[in-house]
Amino acid sequence: MPHFTKPAEGSWTEHYGIDTQPVSYEDSISPEHYELERDAIFRRTWLNVGRVEQLSRNGSYFTKELDAARTSVVVVRDTTGEVRAFHNICRHRGNKLVWNDYPAEEVSGTCRQFTCKYHGWRYALDGELTFVQQESEFFDFDKADFGLAAVRCEVWEGFIFVNLDDQDTTPLSDYMGELGGGLAGYPFHKMTQVHRYRAEIGSNWKLFIDAFAEFYHAPVLHAKQAVSDESRKLQGVGFEALAYGIDGPHSMVSSWGGMSPPKDLNMVKPIEQKLRSGLFGPWDAPDIGLGDDLPPSLNPARHPAWGIDSFVFFPNFMLLVWKPNWYLTYHYWPTSHNTHIFEGTLYFVPPKNAFERLQQELAVVTFKEYSLQDGNTLEATQRMLESRAVTEFPLNDQEVLLRHLHTTARGYVSDYQQQHQTSTPVGISAAS
Amino acid sequence: MPDLLPSDFADLERFADWALPTEGARYDKRLASTMDELEAFYDAAFPRLEAAMAYLEQFGMDNLPEDGKRLLWLFAALVTVSFPVEVWRQPRVPDSGASVFDAVVEPAI
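Chains A and B, in that order, give the protein sequences. Numbered per the working numbering, the first sequence spans residues 7 to 438. Numbered per the working numbering, the second sequence spans residues 16 to 124.
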């Protein structure tokens, strides 16, 4: 008996024209398929690499390791204030340009120019090569020919994206689609109090998106996080979303959020009662100037019980907007077919006093406790999927975003294969 | 040894080693503690939470004195230990096994 209205077709999955058959996870356990994804997906889509607040002034920069896309980029605010991105490689002999101590680690800072550690070549923040050690020793040499290799870089609502595909002319704002367009004007820029967590996860990148794109697991895996009476009730009810949205390669799930604040204080733990905060964030939402006038992509069902919307922007960027006026991002950076680096970042309006700081601390630490359980479960899933003891798995209607993600990712790979006439590895298709 | 916490909170001085400036350090101390140690700290600090917040409110976030910062760190550690004491009954998150989540960006107090 559904608690929330479903589309006329009877299910969200059928409403969006997605098949309902059992699925294969061969796309998450095959090293060969992952090699195709690197070129077909991570070198051909807009990738979110950070926020404009990370580049607070002219000369601010950060580097981003894009192992899946086979490169590292340096993102910088140049002397005119424009945000630019370059492949992080010196034009002389290919040394990594911006790094400290450890070549594989990401760095950030502020500088007036980029200087290569190897032979001292210098580049202006717009990429122009400005100094070459012993320039007269080179042959037929013009510095103008050796500027940094630029990467397409655009900003959407303060989020900085790069695209490594020189052939793709789709502007970022078009790529983000209606779901992204419908978030325009949300005051992300007011939430500058940032907590970021990083974890090395022993699973395919898509499997962690799967874990965060459905809440079917929440009443079970995280049962002990609620007080016991509440936990039993949650398991009995299960989970139903308020709404699902599919928009090209992107998708979203809109969920209720009865815990901020809870109807009954006895539903939550003593520390939550005292601090008026928890997984759903501080219960006392700061004023961010929105009123009741939410952007159209938020709470699309306009349901009074709304608590959180989770957006999956293909391929690896999730954005979670919570009713009490804070947001969370997830990034999944593949490092092999069965490993990836996960980043979870929480953004709050800066606290005015110690109490608000502790309210945020409780939300942050609660997020970490949940994520530790999620991360460990993924490794268990990956290991057994790789056994191939079972190869077809049923997904329910509350898991519609998982079907869409895997279908979309396989579509990018098959399009790429058609364009490049490469052979199809055996077994990579939807189960039939 | 000089007092580390504001004099109003002398009763918590014996737990001043919980006044650690980063979430990672607080979590590491939790994992290195027994449940008896976690419960002793929780039982002493939890009833003092409201008084500590009222005391710190007079400064705002930008003007916390050094002993005030330590007091806030100590109560951030109360948040860290609330999970094992209130729900897990063990220092480690159940089913978290080998997984590790490191804070790489964190606002300083």
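Keep in mind that the hints are not guaranteed to be accurate.
[As the list claims (entries may be wrong)] Here are the simulated DSS-like pairs of lysine-lysine, each with C-alpha atoms no more than 30 Å apart in a straight line:
1) A:Lys102 to A:Lys196
2) A:Lys269 to A:Lys12
3) B:Lys84 to A:Lys269
4) B:Lys84 to B:Lys44
5) A:Lys149 to A:Lys275
6) B:Lys44 to A:Lys275
7) B:Lys84 to A:Lys196
8) A:Lys123 to A:Lys102
9) A:Lys123 to A:Lys149
10) A:Lys149 to A:Lys102
11) A:Lys280 to A:Lys358
12) A:Lys269 to A:Lys358
13) A:Lys269 to A:Lys280
14) A:Lys358 to B:Lys84
15) B:Lys44 to A:Lys280
16) A:Lys196 to A:Lys12
17) A:Lys280 to A:Lys196
18) B:Lys84 to A:Lys123
19) A:Lys275 to B:Lys84
Derived by calculation from the structure, the hints in this document are not laboratory data.
Hint by hint, here is what the structure shows:
1. A:Lys102 to A:Lys196: With a Cα-Cα distance of about 35 Å, the restraint between A:Lys102 and A:Lys196 is violated, given a limit of 30 Å.
2. A:Lys269 to A:Lys12: Holds. A:Lys269 to A:Lys12 sits at ~25 Å (cutoff 30 Å).
3. B:Lys84 to A:Lys269: 34 Å, violated
4. B:Lys84 to B:Lys44: 18 Å, holds
5. A:Lys149 to A:Lys275: 64 Å, violated
6. B:Lys44 to A:Lys275: 22 Å, holds
7. B:Lys84 to A:Lys196: 25 Å, holds
8. A:Lys123 to A:Lys102: 9 Å, holds
9. A:Lys123 to A:Lys149: The hint holds at about 18 Å.
10. A:Lys149 to A:Lys102: 19 Å, holds
11. A:Lys280 to A:Lys358: 18 Å, holds
12. A:Lys269 to A:Lys358: The given pair, whose Cα atoms are some 26 Å apart, holds under the 30 Å limit.
13. A:Lys269 to A:Lys280: Holds: A:Lys269 and A:Lys280 sit about 15 Å apart, inside 30 Å.
14. A:Lys358 to B:Lys84: 15 Å, holds
15. B:Lys44 to A:Lys280: Roughly 23 Å between the alpha carbons, so the hint for B:Lys44 and A:Lys280 holds.
16. A:Lys196 to A:Lys12: Violated, at roughly 35 Å.
17. A:Lys280 to A:Lys196: Since the Cα atoms of A:Lys280 and A:Lys196 sit roughly 26 Å apart, the hinted pair holds (cutoff 30 Å).
18. B:Lys84 to A:Lys123: Not satisfied, since the Cα-Cα distance of roughly 40 Å exceeds 30 Å.
19. A:Lys275 to B:Lys84: 26 Å, holds
Going through the hint list in order, the structure does not satisfy hints 1, 3, 5, 16 and 18.
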